[in-house]
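Going by numbering that gives the first Met the number 0, 201 is the number at position 202 of the sequence shown; the sequence numbering is gapless.
These aren't lab readings, by the way, just hints derived from the structure by calculation. Model, not experiment: these values are computed from the prediction. Built from N, CA and C at the ideal position, the CB exists for glycine as well. Take these hints with a grain of salt, some might be off.
DEER-style ranges, computed between Cβ atoms [stated by the list, open to error]:
| hint | residue 1 | residue 2 | range |
| --- | --- | --- | --- |
| 1 | Ile31 | Phe278 | 44 to 54 Å |
| 2 | Ser24 | Arg123 | 44 to 54 Å |
| 3 | Ile69 | Gln204 | 32 to 42 Å |
| 4 | Leu22 | Ile275 | 48 to 58 Å |
| 5 | Ile128 | Gln252 | 37 to 47 Å |
| 6 | Leu154 | Thr182 | 35 to 45 Å |
| 7 | Val152 | Val102 | 15 to 25 Å |
| 8 | Leu209 | Pro139 | 35 to 45 Å |
| 9 | Pro137 | Asp238 | 41 to 51 Å |
| 10 | Gln204 | Gly122 | 35 to 45 Å |
| 11 | Pro208 | Asn67 | 44 to 54 Å |
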Amino acid sequence: MTRQIAALPVARSARLGVRTRALLSALCKHGILLFFSVFFILPWFWMITTSLKTQAQIVEIPIRWIPNPIYWQNYPNAFFRDPNQPLLLYIQNSLYVCVLSVVGAVLSNTMVAYGFSRIQWPGRDIVFIIVLATLMLPFPVVMIPLYLFWRNVQLTNTYWPLILPTWLASPYFIFLLRQFFLTIPQDLSDAARIDGASEMRILWQVMVPLAIPAIAVVALFQFIGSWNDFLGPLIYLQDKTKFTIALGLRNMQNAYGLSNFGEIMAATTVTILPIIVIFFLAQRTFIQGITFSGLKG
C-alpha cells in the first residue's frame, strides 16, 4: 500500500511530462506554420492595402502598410473610369469560359475515369499508362501545333480553343477520379447490375453521388485553371472585347503602367475574390476529395 501511494506522484509527473512535451510540440508546429504562412499572406495583404491607396501613398517611402486615409475610389475607377478597359466585360468573358470548361471537365473526366476503373476491356491498363505519360508533355511543346490546328479550322479569335479541350478529358483529372472510384466497393456496382442497371445508370446514379468530393475537386481545379489561364487567351484571342480577365489585367497594366497602380491592384483583388470564396465554401469537400483519391491504387 505504501509503495502504491509513493508511486502516485511519479505517475502524475510522468503524465504531466507527456502533456508538456505534447503541448510544446504542438506549439512548435503551429509556430513554424504561422511563420511560413506570413510569407504567403504578405503579398495578398500588400495587394489589398495598395488597392486602397492613392498614387502618392503608393510611392511613399517608408512604406505605409495601413493606408490613412483609405482611398476606396480605386475600385469604381477600375470598373468604370476607362471605357477602353472594360473590366466587367473581362470578368463576364472569363465566367463564360470557366462555366463551360467546368461542365466539360466534369462530364468527360467522370465518364473516362469510370471506364478505366470499373469496366474491363483489353489493354485497359496499358492505355491508362499511356494517358498518364502525356502528363510529361508541357503545354509549350504542343502550343504551336495546336495553334495551327485551330487556325486551320478557323476557330482562332473564338473561345472554342479554350473550351473544347476541356471536353476531351485531362490525364490528371482522369487519374484523380479513377483513384476515387477504386475506393468505392465493387459490391454496389454488382448489385445494380443484378437489378438490371446499365453501365451509364450505374455511373450516374450509383458512382457519381458517392464521388461528389472528387468531382468537386475537378470542378474547382478546372475553374481556377481557366480563370487564371493567360497563355491560352494570349495565343488564340485578338479581339479586345473577347479578352478574359487574365489577359485583360495584362492589357490594363500595359495601358496604365505605374501611373494607376492602385486601380490595377483593385482590379486584381476583385478577380482573386471568386477563387477565394469558392475555395473556402468547398474547402471540406475539396480536402476530402484529395484525401480519398489517394487511398487505393
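Each hint tested on the structure:
no.: 1; hint: Ile31 with Phe278: 44 to 54 Å; result: violated (23 Å)
no.: 2; hint: Ser24 with Arg123: 44 to 54 Å; result: holds (46 Å)
no.: 3; hint: Ile69 with Gln204: 32 to 42 Å; result: violated (53 Å)
no.: 4; hint: Leu22 with Ile275: 48 to 58 Å; result: violated (33 Å)
no.: 5; hint: Ile128 with Gln252: 37 to 47 Å; result: holds (43 Å)
no.: 6; hint: Leu154 with Thr182: 35 to 45 Å; result: holds (39 Å)
no.: 7; hint: Val152 with Val102: 15 to 25 Å; result: holds (22 Å)
no.: 8; hint: Leu209 with Pro139: 35 to 45 Å; result: holds (38 Å)
no.: 9; hint: Pro137 with Asp238: 41 to 51 Å; result: violated (28 Å)
no.: 10; hint: Gln204 with Gly122: 35 to 45 Å; result: violated (28 Å)
no.: 11; hint: Pro208 with Asn67: 44 to 54 Å; result: holds (53 Å)
Taken one by one, the earlier hints fail for this structure at numbers 1, 3, 4, 9 and 10, listed in ascending order.
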